[in-house]
Structures are given as C-alpha cells and as structure tokens.
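*Asks:* Chains as they are written, first to last, in this note's numbering: chain G, 163 to 454; chain V, 170 to 593.
In case anyone wonders, no lab produced these hints; they're calculated from the structure. All residues carry an ideal CB built from backbone N, CA and C; glycine is no exception. Misleading hints may appear alongside valid ones.
Rough simulated footprint, nothing fancy, chain V against chain G, three-plus residues with beta-carbon under 8 Å [to be verified]:
#: 1; stretch: 281-291
#: 2; stretch: 353-367
#: 3; stretch: 408-419
#: 4; stretch: 422-431
Per the computed footprint, the stretches of chain G lying under chain V, defined by three or more beta-carbons under 8 Å from a beta-carbon of chain V, are [unchecked claim]:
#: 5; stretch: 175-183
#: 6; stretch: 209-216
#: 7; stretch: 269-277
So you can see what is in the structure, the chains are spelled out below.
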Amino acid sequence: MTNFIDYLLGGFSNGAVIALMALALVLVWRSTRMVNFAQVGQAMFTTYVALTIQQSTGNWVLALLVAIGAGAILGVIVFFLVIRPVKNSDSTGAIIATFGVLIALQAGAGMIWGGDPRGFIPPVDNAGLEFAGRIWPISPYDILVLSATAALVIGLTLLFTKTSLGLSMRASAFNPEVARLSGVRVNRMLISGWAIAGATGAIGGVLIAPASTISPNSFDILLVFAFTAAVIGGLDSLIGAVTFGIGTGLVISLVSGYSDSGNAPIVALVLLALNLLLKPDGVFGHHGARSV
Amino acid sequence: MKFKFATGTVALGTAAALALATAVPAQAAEPGVTSNKIVIGTTTALTGPAAPGYKDVPAAAQAYFDYVNANGGINGRKIDLRVFDDQYNPALAKKGTTQLILRDKIFAMFGALGTPTHSAVVQDLNRRGIPDLFVNTGGASFDNPKRYPMTFPAIPSYVVESKVMGYYMAKDKALKGKKKCLFYQDGEFGENAKVGFKAAGTKFVTTTSYFSGQQVAPFSAQVSKLKSAGCELVVVFGVTSATAQLLGTSAKLGFAPTWMITSVGSDPSVLKGSLGAATGPLLKGAYVPSFLVPAQNSKNAYVSQMKVIAKRAGLEWNFYTYFGINTAYVLSQALKAAGKNLTRKGLVKALETNARDFRSAAVVPMVINSKSHQGLTGYYMGQYNANSDVERLTKYVMLATSSKSGKAKQATFRPAAPTKKLLP
Numbered sequence: 163m164t165n166f167i168d169y170l171l172g173g174f175s176n177g178a179v180i181a182l183m184a185l186a187l188v189l190v191w192r193s194t195r196m197v198n199f200a201q202v203g204q205a206m207f208t209t210y211v212a213l214t215i216q217q218s219t220g221n222w223v224l225a226l227l228v229a230i231g232a233g234a235i236l237g238v239i240v241f242f243l244v245i246r247p248v249k250n251s252d253s254t255g256a257i258i259a260t261f262g263v264l265i266a267l268q269a270g271a272g273m274i275w276g277g278d279p280r281g282f283i284p285p286v287d288n289a290g291l292e293f294a295g296r297i298w299p300i301s302p303y304d305i306l307v308l309s310a311t312a313a314l315v316i317g318l319t320l321l322f323t324k325t326s327l328g329l330s331m332r333a334s335a336f337n338p339e340v341a342r343l344s345g346v347r348v349n350r351m352l353i354s355g356w357a358i359a360g361a362t363g364a365i366g367g368v369l370i371a372p373a374s375t376i377s378p379n380s381f382d383i384l385l386v387f388a389f390t391a392a393v394i395g396g397l398d399s400l401i402g403a404v405t406f407g408i409g410t411g412l413v414i415s416l417v418s419g420y421s422d423s424g425n426a427p428i429v430a431l432v433l434l435a436l437n438l439l440l441k442p443d444g445v446f447g448h449h450g451a452r453s454v
Numbered sequence: 170m171k172f173k174f175a176t177g178t179v180a181l182g183t184a185a186a187l188a189l190a191t192a193v194p195a196q197a198a199e200p201g202v203t204s205n206k207i208v209i210g211t212t213t214a215l216t217g218p219a220a221p222g223y224k225d226v227p228a229a230a231q232a233y234f235d236y237v238n239a240n241g242g243i244n245g246r247k248i249d250l251r252v253f254d255d256q257y258n259p260a261l262a263k264k265g266t267t268q269l270i271l272r273d274k275i276f277a278m279f280g281a282l283g284t285p286t287h288s289a290v291v292q293d294l295n296r297r298g299i300p301d302l303f304v305n306t307g308g309a310s311f312d313n314p315k316r317y318p319m320t321f322p323a324i325p326s327y328v329v330e331s332k333v334m335g336y337y338m339a340k341d342k343a344l345k346g347k348k349k350c351l352f353y354q355d356g357e358f359g360e361n362a363k364v365g366f367k368a369a370g371t372k373f374v375t376t377t378s379y380f381s382g383q384q385v386a387p388f389s390a391q392v393s394k395l396k397s398a399g400c401e402l403v404v405v406f407g408v409t410s411a412t413a414q415l416l417g418t419s420a421k422l423g424f425a426p427t428w429m430i431t432s433v434g435s436d437p438s439v440l441k442g443s444l445g446a447a448t449g450p451l452l453k454g455a456y457v458p459s460f461l462v463p464a465q466n467s468k469n470a471y472v473s474q475m476k477v478i479a480k481r482a483g484l485e486w487n488f489y490t491y492f493g494i495n496t497a498y499v500l501s502q503a504l505k506a507a508g509k510n511l512t513r514k515g516l517v518k519a520l521e522t523n524a525r526d527f528r529s530a531a532v533v534p535m536v537i538n539s540k541s542h543q544g545l546t547g548y549y550m551g552q553y554n555a556n557s558d559v560e561r562l563t564k565y566v567m568l569a570t571s572s573k574s575g576k577a578k579q580a581t582f583r584p585a586a587p588t589k590k591l592l593p
C-alpha cells in the first residue's frame, strides 16, 4: 500500500510538468488551430536563458520572470518569422515548419550553451518530506510545481472565459473572417496566443529543470507525452490537458513501479489510439469545435 | 547454330577475361589508400542526447593521429579521419556511413558509436568488405566473426561486464551477504546485462527499469520500489544521464544503498554537470568495473604520455579522451602490422594474427582470432574515491566471454610496456 501511495505521489509531480507542456500546446491550438511541435524547443531555450540569469544573479524569481518574458517574445518571433508566412499558403506546411523550428532551436542552444547536461538549483528544498516515520516521494519543490500548475490553469481558464481578450482570441482562432467582421483585431489576437503559449511553456521548462537536467534535447520525450495528453484531453480544453497530463504521469509511474517501464510509452500510446477510435474529439472536447 | 553458339561463348569468355585483366590493377589500389594517405571514417554523436562525453572521443583520436602524422605517419602514410555527427540516430548513422563510403571513399570504419546506430549499418559494411574496427559499444551482437567477419568491438560486451560484476559480488566479503537489486535500461543494453547475471548465478531481490528519455523526470517509482524491497546493493546498467537522475532521486528519497555502476554509465565529468557539488559524496564508494589503467595514475607510462597528447591538443583529460587516444593507438598498430601494401583483407588478417602483441592501456588480454572478435576480455573491479577517481580494488582481473553460459574467471595479467614514444 505504501508502495502504491509512493507511485501516486511520484506520478503526480512528474505529471504536473507534462501538464504544463500540454497546456502550452492547447494554447497554440486555441489561438491558431495548429499543433506547435517546437513548443518543447522554445521551453528548452528559455530555460537556458533562466539558467544563465540564475547563475549570474542567484535570483530564481528573476530567472523565472525573464524566462516568461523571453518565452513570450520567442513565441511571437516564431509566429512572425515562420508560422505566418507559411500558414497563409499551407496550414499543414506550418505544422511541419514547427519541426524545423525545433531543430533550429536545439542546434542554436547547442552552439550557445554546449551539449553537456547542466543542473538547475531549485529555489526550495527538493528532499522528500519526512512524515510518519518515513520519507515520501514528494518534496516542498514538488508542492511548488503542483501549486504553480493549478494556479496557471485557473488563471488561464478565467482569461479565456471571463475576459474580452480571451474570448476574442478564441473567436479569431475559430473563425478569423467572422471575428474580423465583428471588429476583432485578429492578427493581434494570434500574436497574443503565441505569446501566452510561449510564456506558459517557459514556466514549464523552468519548473522541470531542477528535477531534471537541461541539454538541447532533454525535453524531447516530454513532447510525446504532452501531445498525448493534449489530444486525449480534446486539444481545445485547458482542464483536459492538465487532467490527462497528470494522468500520463501517473500511468508512467504506476507502470514503471508494477511492471517494466518500457511498457509505459506503449500504454500511453494505446490509450491515445483507443481515445481516437472511441472519442475522436477528445474527452473534454466539444463536438464540432474542430474541423481538421 | 551450334557452332555459332560456341563462338559466341568464346567471344564472351574472351571479353570477360579481358575485363578481368583490366580490372586487376584497379582492385589492387584499395579505396581510401594512396601512397601518402589512409582515409578512415567514424560515425558518432557530436550533438544530441548521447553527445556529452562521447563528443570528445573523435577529437582525442584526432589528437593522437596528428601526433603520429607529425612523426612520419604509418608506413609513410598519414591518417585522415573523417567524422560524421549521427546524433545517436540510426537513420543518420546510415546516411553518414553511406556518405563516408561513397563520397569520402574510406578505407575502414573506426570507432563508430552505439548499438542501435551501428546495428543499422553493420551488415552493409560487412557486405562491402569494409573493415569495421573498434565499434564503441558493449552490445554483444557485434562479436560474431561468422556473420560480421569485418567487425571488431572496442570494449568488452555488457554480458562480459555483468558476468564480472556477478563474480565479484559472489566473492567479495563485504558484498556477498547484501540484498542485491538491478536497475537497467530497457532494450538490448539491459537484456545483455540480464544474460550475464543469469550465467553468473546472481540472484536479485527485485529488478526495475527505465526507458530511454525517462530520465527527464525523477525516477520516483523506481526508487520507491528499490527502497521498499530493502535493497542494499543496487547494480546500475544505464547511461550516465540516467545514473545522474537515479542518484539524485535516491538522495531526494533518503535512499543510500551501495551502488555498482556499469563502466559506461558513471563518468564523473558528465555527472558533475547535472549533480554539481553533490557528485563527490553521492559517487564515493560506488563500485565500477574498468579495463584501463586508472586515469589519475600519472606514473603509468601510458597515462603520462597520453595525457600529454590530450593536453597539447587542448583537450580535457577524462575517461573519453583517454579512451579515444588509446583506441587510436591500437588502430595505428594494426595499420602498421598490416604492412606497406595496405589492403582491407590484410588489415583484418593483421588483427586476427597480431592482436595479442598490440600495446594498450588496457590491463586485460586482447583476444582476436578467426573464431572470436571479442577484443578486450574482461575487467578489474574499481571503486570511486572522494575525488571521484576510480581506484583499482582487485590486483587480479576477471575474464569472461559473451556466450549465454559460463562464469567469469579470475586471472592475472601484466600488460607490456608502451612502444617507444607511443608511436606504432
């Protein structure tokens, strides 16, 4: 039983990070109706920026804030330089182009910071909490990550449902022509969507780094799991991305604990396939909201 | 009609004979060999997840070749090493190898890195008859002269390594009674280890694994499992980045068993990048098999000279540069032994007949003959000290083969002194 609880706790904190990346994917989907495979690359790049700030100033909060700013700016740059020119003529081409951006970012990070994995010092203690005579696989730092994820999803949900900015963003993504006729500045909304997604990914990168190491490719596997979570959650749903992001973390943890970890990616992909067969709009998706 | 057919045959035969006669001189000149140059190629990870550490290997080999070339080369020929960055990606390894063969027209492959990557090209290299020297992986499948007569591994296989670990754990008084557990990477790497431990008769209380890439997040489930099983000695068969995450997660969960880590998964210079100052205390006391003279043993004639070569080329002295220079040294001796009239067949023959006389910093015998391409045959047991240097624990070495059965055997081996000025 204690084993089961250990696996659950470990899965929760690992899943929170998958959830953050899935959130970023959903945000781009919401603003541009496309999947951004460069998301983990952008997050990796801004995490290196944060690492540089932290190493020179020793200030974690400053590092996080700079990463958020850099994430937003990088999102906008990617949108202007790559996505907008390509997407106008070919929307599938734009998705492929995001792979190109990913490779370019990885190569760029390798040139600037080198390929060796680097550690990131956590702002609060990362040792497991001692309780009832044993140490549990959840640390003060894990609690920080989980709270940040919860705060972010609540904040973003409010933004999209309660503010005119959020509603305009959704309208521009869903039907740019009608939105434009209704007086929404569609271009500005697309830019906002990419900026918010970039900033969210940046938070995810900075939060996972202390529990991991950063190298140009270290977040690659996250893309697979975040994408799975986002799709099962319905691609359009913030709460879906978070639920299934944490769910994916739990599946990996339980499979790794009770059987061979090699089965974990298989289980995740089987769940994705079942989901696409049985409920192709995603568990939290609205029917008819997507036309791909 | 019959007559006509016969003349046709004769004409054909003559043409074929003529073609053969003209083809002979072309064949005599081996690809990649001219009067003053030998072109060799390597595929390795200079970028990507496997690059840390390994990217230093070709640079170190190049440093040694520069040294040899500056001293007159090998039988009057200079070595020209072409490096292709495959990012540890089998598709890129395939592309790179084809490019090295067709565009660079290499004479031989040297030091290609990785089991999945090299598995993609090993058949093609053998089909074309290209010598495939010192493949840098412990994947046991490459020691198979019947299937791959041109292929020679650089390091003892993971089967050999796990047999050696099993032998030592059963023999050592401090380890014998401990509750033993296994942590491994899924795939051929971990499967090879399991074969060796089965042959050695090692019993594990529990085993747990990770998939390549999982080390991006803490190994909470795996460590919880090891901890609750009461493991006192954990054997680790994973890459260095996974070892870093395993040691980090274990520290987080207050789990501090005795570690025994594969020789390819514990490089301190890579661990320090991610674990920082915690590396020393976490790694201290960990057992690690090794086949080279300890790198910090500067009094050793191999270490001192190789260190100078690395330093002169501006390279850091670590396991990877040491290994790169040593492997290049062995290759140079093989090329020299193949003689002035250098051919691909001649190189393979030189390896199969002269390998035991080649000098190297390895402290285990090298076995290469027509029946076995094993190369280095075993390990001594080492242990990390407080400075994260490997100290040799056993005066003896433990030797084994990659076969599914048979345990490791204890032996003593005194390596011969290096050649003059470390030149082939």
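*Asks:* Apply the coverage criterion to the stretch 175-183 of chain G and chain V: a residue qualifies when its Cβ sits closer than 8 Å to a Cβ of the chain, and three qualifying residues are needed.
*Replies:* The restraint on the stretch 175-183 of chain G holds, since 3 of its residues have a Cβ under 8 Å from chain V and three suffice.
*Asks:* For the stretch 408-419 of chain G, do at least 3 residues have a Cβ located nearer than 8 Å to some Cβ of chain V?
*Replies:* Three-residue rule met by the stretch 408-419 of chain G, so holds; n is 6.
*Asks:* Between the stretch 281-291 of chain G and chain V, see if three or more residues pass the 8 Å beta-carbon test, and mark the coverage as holds or violated.
*Replies:* holds (count 5)
*Asks:* Checking C-beta pairs, does the stretch 353-367 of chain G have three or more residues closer than 8 Å to chain V?
*Replies:* Result for this restraint: violated, n = 0.
*Asks:* According to a criterion of three or more residues whose C-beta lies within less than 8 Å of a C-beta of chain V, is the stretch 209-216 of chain G covered?
*Replies:* violated (count 0)
*Asks:* Taking 8 Å as the C-beta cutoff, is the stated coverage of the stretch 422-431 of chain G by chain V satisfied by three or more residues?
*Replies:* holds (count 5)
*Asks:* Has the stretch 269-277 of chain G got at least three residues whose CB is nearer than 8 Å to a CB belonging to chain V?
*Replies:* holds (count 3)
Violated hints for the displayed structure, listed by number in ascending order: 2 and 6.
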